[in-house]
Amino acid sequence: MKFANFVVPEAIRADLAAEDKEGVIREMVQALEGAGGIESDELESIVRAILKREELGSTGIGRGVAVPHTKHPSVDRLVGTVAVSSDGVDFDSLDGEKVYLFFLLISPPDRPGDHLRALENISRQLRDDTFCRFLKQSKTPEDIRQLLDEADNNQFGS
Amino acid sequence: MSEPKLARTVTVVNREGVHARAATLVAGTVRRFQSKVELIKSRHRVDGTDVLQILSLGAAEGEELQLEAAGPDAAAALDALVELFRGKFGENAEADKQEK
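From first to last, the protein sequence lines stand for chains C and Y. With the first letter of the first sequence counted as 1, position 23 gets the number 23 in my numbering; the numbers rise by one all the way through. With the first letter of the second sequence counted as 1, position 93 gets the number 1093 in my numbering; the numbers rise by one all the way through.
Possibly wrong hints are sitting among the right ones.
As the list claims (entries may be wrong) - To give an idea of the chain C side of the interface with chain Y (calculated C-beta under 8 Å), a few residues:
#1 G88
#2 V89
#3 K98
#4 P108
#5 P109
#6 R111
#7 L116
#8 R117
#9 E120
#10 S123
#11 L126
#12 R133
Said to hold, decoys possible - Pairwise CB distance ranges (calculated):
#13 C:K52 / Y:E1064: 30 to 40 Å
#14 C:D90 / Y:I1040: 50 to 60 Å
#15 C:K52 / Y:G1087: 32 to 42 Å
#16 Y:V1082 / C:D152: 29 to 39 Å
#17 C:R111 / Y:E1083: 41 to 51 Å
#18 Y:T1011 / C:D95: 37 to 47 Å
#19 Y:V1082 / C:S40: 41 to 51 Å
#20 C:L56 / Y:Q1066: 41 to 51 Å
#21 C:K52 / Y:G1062: 41 to 51 Å
Unchecked claim - As a list, the in silico DSS-like pairs of lysine-lysine whose alpha-carbon atoms are at most 30 Å apart:
#22 C:K136 / C:K2
#23 Y:K1088 / C:K71
#24 C:K98 / Y:K1036
Treat the hints as calculated values from the structure; they're not laboratory data. Ideal Cβ placement from N, Cα and C applies to all residues, glycine included.
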């Protein structure tokens, strides 16, 4: 499940304006909507579902990374996006630290395998310090796109 | 690890596999014990306290993982993990909550 298989390139954000958890999620889902990755009239429902999932336990899994996500019946394949916050956001992370890198995933309810494989890919790439560092230092969505491409082409260790 | 290792094999029986919430529960469980615990799938060996590493195994429904533990409470640590996998990480409880 390469990044190219689920990340909507036009929804990538290199400097999130939001300063809190709900703000980040909303900004990223709006970016997906703007890019045509999700239907406009499903936006609120999706944001609510992602926030509800956060209530079960923060997806701030440590090391400055969060993977907010939900299943949603309005999508027929996995869609997602990537965003970077230069100042970091408090996300109730497991390690208590701020989050700078966000991978948001929306998956169809009947395909848990796709979601899992996306998480597997994301986490494998993030184990590489260079990938993390470059991602955090990204200035433009194009920078991020390029990094994801390089990751897909195994430029970073796994 | 210089201490004797204990090992158990677990099968992933929940539909969603070892996803973010499951990996978080695994890491949280391992951290309750003093012993060092590793999870192995195929040739990948990861640290049981590290959520990102656990996720990188991409352990899906039906797959087997080896658990290895070394330390004073290794047996208890493995028992707790086996129970966690068997209980599907409380998945049915989660599904109920989300529907409400």
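Violated hints - listed by number, lowest first:
Those not satisfied are hints 1, 2, 3, 4, 5, 6, 12, 14, 15, 17, 18, 20 and 21.
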